[in-house]
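Number of protein chains: 2
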Amino acid sequence: MDNVSRVYHELRELIVAGQLPPGARVAERAVVARMGLSRTPVRSALHRLQQEGFIGSVGRAGDQRLIVTPLTRGDGRELFLIVGHLEGLAAREAASLPADARKELVKRLRAVNRELAVASRTKASPARLFDLDLEFHETYVEGVAGPRVVALHRAIKPQSERYARLYVNVLLDELPTSVKEHEMITSAIAKGNPVAAQHAAETNWHNAAARLAAVIAEHGERGIWHVLGEGREGRERRSL
Amino acid sequence: MDNVSRVYHELRELIVAGQLPPGARVAERAVVARMGLSRTPVRSALHRLQQEGFIGSVGRAGDQRLIVTPLTRGDGRELFLIVGHLEGLAAREAASLPADARKELVKRLRAVNRELAVASRTKASPARLFDLDLEFHETYVEGVAGPRVVALHRAIKPQSERYARLYVNVLLDELPTSVKEHEMITSAIAKGNPVAAQHAAETNWHNAAARLAAVIAEHGERGIWHVLGEGREGRERRSL
DNA sequence: TAGACCATTTTGGTATACCAACTGAGGCTG
DNA sequence: CAGCCTCAGTTGGTATACCAAAATGGTCTA
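From first to last, the protein sequence lines stand for chains A and B.
The first sequence begins at 92 in this note's numbering and counts up one residue at a time.
The second sequence begins at 92 in this note's numbering and counts up one residue at a time.
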């Protein structure tokens, strides 16, 4: 399963990073050529990406052509809400942990969130802010929630990152709000209040979904059109 | 993708129905022999089942043996909670629908729940009660929630059914409670109260998870041991 | 010149042969 | 008789050849 994992992760990375733009064609044989493997493992990886929603198919049944899933307003909203509910579940579990484990967790959460606050004030690079936000959320999901929630989270969260990366600059303005919401989650976990923790996490993402929807409504659905704007100068390959 | 789907659904049906007991070995070649296809489509279907959690792997990396996912208390609880949150999301969307669409939906929900109440009082067959409960939940998920939620629901809900089928008799005693909870969901949707609808749906499943955990704690984790009790008379094949 | 039609190419799906790693049982040895 | 070792069988992974259907692009005709 090692080779197919490699293909899976490499392609996923390309998609999340936007180097394979939404709507771009993804052809088995092209991936094969790029990766130097046979079609079999590539095919497995593509199936997995397709099932998880990174890749979609267009055309009727029988013959399907694979494309990178477009980024639409509705899809983004749904994605954020799903992630929010998964993390809500995780937060609930986190707040139900024994007191000492909770204390440990809260300590780590506060540390990360403090770093995020500082980085936000000092206008750190978007990438840095991103990673810190990511780390905060991972902290109360990984190792806390059950294996199924963690697996779903790992599969779905990166898809929400596609949206986040695309609208970074606009979304970063709201970072102070996020920091406050993070503190809400943390303190609910600290108090051992599962309902409040769940609610705080869901609210955080619900707000993010609303912000995203507003941004997309204003700026239009980016990414879909990028594909058509080909023929530019020396960019990296924009399709496979 | 047609052949793959056939294999996928047939195997999934066998697993959910319990004809392939938890822990049973699932060998590619055996499935190939049974289905009369080549390994390629079978392999795809198995990968999908594995990713969704119907099938698990045992043994270290490199060589993995596939088995039907065991039914444990922790896994059941997690599964029920996840489904509950997905349906909570759906219920929330349902309650946010325009008034006329909501009215239509509520009408169908009430009809199904009424049927369920009657069937419960008249001690209808477990299968019938099951299908009605299933239909109720499907009604406010399918066609209401977004495509991603629906897809996740379709992949995960059947796994919770494995538990439900295994503990039918015990779970059916609680059916009147379920009927009441269904009415809570329905009326929240009728009132157009998203928060209440979400909460009602989640509560329904949260209670179900608690009931299931209690039953499993009392009766032990069934299913894992069934596998060992092979060699009996003319049962259908219990492994592939 | 515009439109329709046909051949070529490209696509994903399938079957199959080969491979390395692991399992487990049997025999051999002390 | 116990323990170890070897070897065959089984498993999942990979590469590859073949296939049908659909998109593509060019040409021929009205």
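A hint or two may mislead.
[As the list claims (entries may be wrong)] Listed next, the stretches of chain A that the computed footprint assigns to chain B, with coverage defined by at least 3 CB atoms under 8 Å from CB atoms of chain B:
id : segment
1  : 158 to 172
2  : 175 to 188
3  : 209 to 216
[What the hints assert, rightly or not] Using C-beta positions, here's what the derived DEER-type ranges look like:
id : chain 1 : residue 1 : chain 2 : residue 2 : range
4  : B       : GLU309    : A       : ARG164    : 18 to 24 Å
5  : B       : ARG97     : A       : SER278    : 49 to 55 Å
6  : A       : ARG130    : B       : SER96     : 16 to 22 Å
7  : B       : LYS282    : A       : ARG97     : 37 to 43 Å
8  : A       : VAL209    : B       : THR163    : 52 to 58 Å
[Unchecked claim] Under the rule of at most 25 Å between Cα atoms (straight-line distance), these lysine to any residue pairs were calculated in the SDA-like manner:
id : chain 1 : residue 1 : chain 2 : residue 2
9  : B       : LYS248    : B       : ARG120
10 : A       : LYS282    : A       : LEU196
11 : A       : LYS198    : A       : THR294
12 : B       : LYS194    : B       : VAL270
13 : A       : LYS271    : A       : ALA304
14 : A       : LYS282    : B       : ILE247
15 : B       : LYS248    : A       : ARG245
16 : A       : LYS194    : A       : THR230
17 : A       : LYS248    : B       : GLY144
18 : A       : LYS248    : A       : ASP222
19 : B       : LYS248    : A       : LYS282
20 : A       : LYS248    : B       : ILE247
21 : B       : LYS248    : A       : ASP222
22 : B       : LYS248    : A       : LYS198
23 : A       : LYS282    : B       : PRO161
24 : A       : LYS194    : A       : THR213
25 : B       : LYS248    : A       : ASP166
Derived by calculation from the structure, the hints in this document are not laboratory data.
Cβ coordinates follow ideal geometry from the N, Cα and C atoms, glycine included.
Checked hints:
no.: 1; hint: 158 to 172; in the structure: holds (count 6)
no.: 2; hint: 175 to 188; in the structure: holds (count 4)
no.: 3; hint: 209 to 216; in the structure: violated (count 0)
no.: 4; hint: GLU309(B) to ARG164(A): 18 to 24 Å; in the structure: 48 Å, violated
no.: 5; hint: ARG97(B) to SER278(A): 49 to 55 Å; in the structure: 52 Å, holds
no.: 6; hint: ARG130(A) to SER96(B): 16 to 22 Å; in the structure: 20 Å, holds
no.: 7; hint: LYS282(B) to ARG97(A): 37 to 43 Å; in the structure: 52 Å, violated
no.: 8; hint: VAL209(A) to THR163(B): 52 to 58 Å; in the structure: 43 Å, violated
no.: 9; hint: LYS248(B) to ARG120(B); in the structure: 28 Å, violated
no.: 10; hint: LYS282(A) to LEU196(A); in the structure: 12 Å, holds
no.: 11; hint: LYS198(A) to THR294(A); in the structure: 22 Å, holds
no.: 12; hint: LYS194(B) to VAL270(B); in the structure: 19 Å, holds
no.: 13; hint: LYS271(A) to ALA304(A); in the structure: 21 Å, holds
no.: 14; hint: LYS282(A) to ILE247(B); in the structure: 32 Å, violated
no.: 15; hint: LYS248(B) to ARG245(A); in the structure: 19 Å, holds
no.: 16; hint: LYS194(A) to THR230(A); in the structure: 13 Å, holds
no.: 17; hint: LYS248(A) to GLY144(B); in the structure: 18 Å, holds
no.: 18; hint: LYS248(A) to ASP222(A); in the structure: 13 Å, holds
no.: 19; hint: LYS248(B) to LYS282(A); in the structure: 33 Å, violated
no.: 20; hint: LYS248(A) to ILE247(B); in the structure: 18 Å, holds
no.: 21; hint: LYS248(B) to ASP222(A); in the structure: 33 Å, violated
no.: 22; hint: LYS248(B) to LYS198(A); in the structure: 36 Å, violated
no.: 23; hint: LYS282(A) to PRO161(B); in the structure: 35 Å, violated
no.: 24; hint: LYS194(A) to THR213(A); in the structure: 29 Å, violated
no.: 25; hint: LYS248(B) to ASP166(A); in the structure: 21 Å, holds
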